[in-house]
Amino acid sequence: MESFQHRIVIEAGRAERQYWRDLWRYRELLYFLAWRDILVRYKQTVVGVAWSLIRPLLTMVVFTIVFGKLAKMPASGVPYPLLVMAGLLPWQFFSTALSEAGNSLVTNTGLITKVYFPRMVVPASSLVTSLVDFLISCAFMLGLFGWYRFLPGIQILAAPFFLFLAFAVACGAGLWVSSLTAQYRDFRFIVPFVVQFGLYLSPVGFSSSIVPAKWRLFYSLNPMVGVIDGFRWSLLGGQPPLNRSSIGLSCLLTVLLVGSGAWYFRKTERTLADVI
Amino acid sequence: MAHAIISVENLSKRYVLSHQGAKGDGLRHRVEHFARSPLRWLRAALKQGARANGGNGALHGPGHAPPAAKEEFWALKDVSFDVKQGEVVGIIGRNGAGKSTLLKILSRITEPTTGRVIIDGRVASLLEVGTGFHPELTGRENIFLNGAILGMTKMEIRTKFDEILAFAEIEKFLDTPVKRYSSGMYVRLAFAVAAHLEPEILIVDEVLAVGDAPFQAKCLGKMQDVSRDGRTVLFVSHNLQAVATLCSRAIFLKAGMVEKDGPTEGVVSAYQSSSAHDASSKLEQVWSEIDRAPGNDSVRVRRIAVIPDAAEADLELNMSTPFRVEVDYWNMVPDTSLIVNLCFYALDGSPAFESLTTREKQWHGKRFPKGLFRSVCSVPGHLLNEGRYLVRVIFLDSRVMKLYDFPDAVMLTINDPEARNIPYYHRFMGNVQPLLPWRTELLEESRRVQ
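As they're listed, the protein sequences go chains C and L.
By my numbering, the letter at position 95 of the first sequence is numbered 95, and the numbering carries on one by one without gaps.
By my numbering, the letter at position 351 of the second sequence is numbered 351, and the numbering carries on one by one without gaps.
These aren't lab readings, by the way, just hints derived from the structure by calculation.
Incorrect hints may have been included.
Take a look, some chain L residues computed to stay more than 12 Å from chain C by CB distance [to be verified]:
1) Phe144
2) Leu145
3) Gly147
4) Leu174
5) Ser183
6) Gly184
7) Ala242
8) Asp309
9) Ala346
10) Ala352
11) Leu383
12) Glu386
13) Asp408
14) Trp438
The calculated lysine to aspartate or glutamate pairs, modelled on DMTMM-like cross-linking and capped at a C-alpha distance of 25 Å, are [as the list claims (entries may be wrong)]:
15) C/Lys267 / C/Glu11
16) L/Lys179 / L/Asp261
17) C/Lys267 / L/Glu72
18) L/Lys154 / C/Asp37
19) C/Lys114 / L/Glu441
20) L/Lys361 / L/Asp328
21) C/Lys43 / L/Glu171
Just so we're clear, the structure is a prediction, and the values are computed from it rather than from any experiment.
From the three backbone atoms N, C-alpha and C, an ideal C-beta is built for every residue, glycine too.
Modelling step: build the complete structure from the supplied sequences, incorporating the hints.
Spelled out as structure tokens, the structure:
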């Protein structure tokens, strides 16, 4: 049981001081919503969880053929499928998280108009769901390492940091997109579009070393560039060396994205039940 | 006991209604706004785009703001009251009087526009039975999910799990997905979870409108237990009888303001006389604009009418006159199977009878396409007793879950012209007065008296 005495003050425009505490208090709800989405996701499918392996596998095969074999992009000394897969892991996490978080408020309208809880729980739970998919794909990556007899170097210890960065980017973008979708359903069409383009604008199917050096910083304005480069570097190592300014820019942009996302979400959250 | 656990001070809530699909255009208007002053050329481009789309932008010339398709509406105006610990307060009022808005503010679903509420204690609100139930999940899984949604911790749910099961009486189906449940089981399970919340303050909205009579009685009993434990209950209902049995105090909301606040008896009778006054000639109601019609994303009501089946088309309904209740409604979601439920109540809230479209032959059980439907219920003469009745229309889906509830949709007055011819007349008791055949016969005549 919780403490007996808590006082709630409901007022217009009150920047609730207890919001973050409430968010912590409702962490179990976050867990339950994520658990629900995971349980439900592959219900009434034939191959079930295998879908979270099939999708990256097919993308990897296609990208290896198109970028590696046909366009003959440089593989920087590693088997091309590994190069693709190392980029695909963070990208797929980001794109699923963004799409699911984007729709999350709308699909949970029933909850939002009937029960109080910090609304951030909803998009956050879709991040957790996507993280589970990501971990399954990671197992696939391990299999690939075994297949190619590839042993990652010491820099793999940096992988969790880049995973965290990917999580933060997805979180910031997810907060923006979910509250925008709740108000303007246009974003239901915009997001898949962005995700589709992003796949080719981010260094997923190719190494970012093919981008000319003078454009490199400009290219890194896409925060996923730093994330993918970093993640790939931590898994595959060495070639090309990590571009520090690009990672730095990614981090900075991510902080901005998360901060502004949280601010905008909080701003719209108060009237969410009336608008949605 | 005398401690005010909820205090509401000058609470107001304003809604801005936007008409004419302004919702869908919202983003475009935003973009227009953004572009207007710094980028004048862009404005022209956007206007042109709007014109090409045949949108609202077509009619106003350059430089003019779009006509205000917005309207303000105060759902609550300056509402103040205090609730002491252990009080059970009923909130009554007609549709649109602000009851739901008040509950939504108290349960922190939406924010007030002005004013303030201070609540001392843990609040649980039940604005709906089975919020967040997922049809694909099993009964067990849904108990945990629903409990978490209502604010219970995993530990609390674990310790109460057996009690919840016993209350719901679904032990056998614990591991079956709830989409395979009968609607009765579904509602029982949902209420069972909610009933085992242990908040200091319980806010309940009309959840008793679902389920069969024994179940409703069970729910009422549970609520009485809750209040006996010294917990505070706010209860919104159209069922005045339930309010009268449960609540010691009632608040009557009218047009967003507190009309009367005090002991239940006085408030209920004030409400009755007020609603009798408001609805005295409400035999037909029509809403021709779909956007402003009562309803929601599932159904919207176009028209409700009571039509006497009398040749003289007399507006007065006599006890002998059969009549029809016609409900015209838009089904908004394709492929739902709708059930229309008419409930007749006397003005004191006591039920007369109800009827559903489940015996209807053309459409019942079929998938309704999007579109305008009319369901007609024929009520024979000599059924309702003389008096005034309110008709409540409830739309249900095939799982008998409530899609939309429209209380006090129409009101009808049944007259008894013959009554004046009978000496020593008094109104027959009850809400129905069927014409029942009688027969008297002489069984044995006794010649000798004594």
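Results for each hint:
1. For L/Phe144, the shortest C-beta to C-beta distance to chain C comes to about 7 Å, within the 12 Å cut-off, and the non-interface label is violated.
2. Not every C-beta of chain C lies more than 12 Å from that of L/Leu145, the closest at about 5 Å, which undercuts listing it as non-interface.
3. Listed as a non-interface residue, L/Gly147 fails to keep its Cβ farther than 12 Å from every Cβ of chain C; the least gap is roughly 9 Å.
4. The claim that L/Leu174 lies off the interface holds: its Cβ sits roughly 16 Å from the closest Cβ of chain C, which is beyond the 12 Å cut-off.
5. Non-interface call for L/Ser183 relative to chain C: holds, since the shortest CB-CB distance, roughly 17 Å, exceeds 12 Å.
6. Every CB of chain C is more than 12 Å from the CB of L/Gly184 (nearest about 21 Å), matching its label as outside the interface.
7. Consistency note on L/Ala242: stated as away from chain C, and its beta-carbon is indeed over 12 Å from all of that chain's, at 21 Å minimum.
8. The beta carbon of L/Asp309 sits about 41 Å from the closest Cβ of chain C, which is more than 12 Å, so the claim that it is off the interface holds.
9. A cut-off of 12 Å between C-beta atoms confirms that L/Ala346 is not in contact with chain C; the least separation is 31 Å.
10. Distance check for L/Ala352 against chain C: the nearest CB is about 31 Å away, which clears 12 Å, and the non-interface claim stands.
11. The non-interface label for L/Leu383 is consistent with chain C: the shortest C-beta to C-beta separation is roughly 37 Å, beyond 12 Å.
12. Non-interface call for L/Glu386 relative to chain C: holds, since the shortest CB-CB distance, roughly 41 Å, exceeds 12 Å.
13. Interface exclusion of L/Asp408 from chain C stands, the closest Cβ pair being 23 Å apart, more than 12 Å.
14. No beta-carbon of chain C comes within 12 Å of the beta-carbon of L/Trp438; the shortest separation is about 52 Å.
15. The straight-line distance between the Cα atoms of C/Lys267 and C/Glu11 is roughly 14 Å, inside the 25 Å bound, and the hint therefore holds.
16. Note on L/Lys179 and L/Asp261: the hinted pairing is violated, with a Cα-Cα distance of about 43 Å set against a maximum of 25 Å.
17. Of the supplied pair hints, the one linking C/Lys267 and L/Glu72 holds, its CA atoms being roughly 21 Å apart against a limit of 25 Å.
18. Taken as a hint, the L/Lys154 and C/Asp37 pair is honoured in the structure, with Cα atoms around 18 Å apart against an allowance of 25 Å.
19. Annotation: proposed proximity of C/Lys114 to L/Glu441 is violated, straight-line Cα distance about 63 Å (limit 25 Å).
20. The suggested pairing of L/Lys361 with L/Asp328 holds, with an alpha-carbon distance near 17 Å, which does not exceed 25 Å.
21. Between C/Lys43 and L/Glu171 the alpha-carbon distance is near 23 Å, which keeps this suggested pair within the 25 Å criterion.
Violation of the numbered hints given earlier is confined to hints 1, 2, 3, 16 and 19; the remaining hints are satisfied by the structure.
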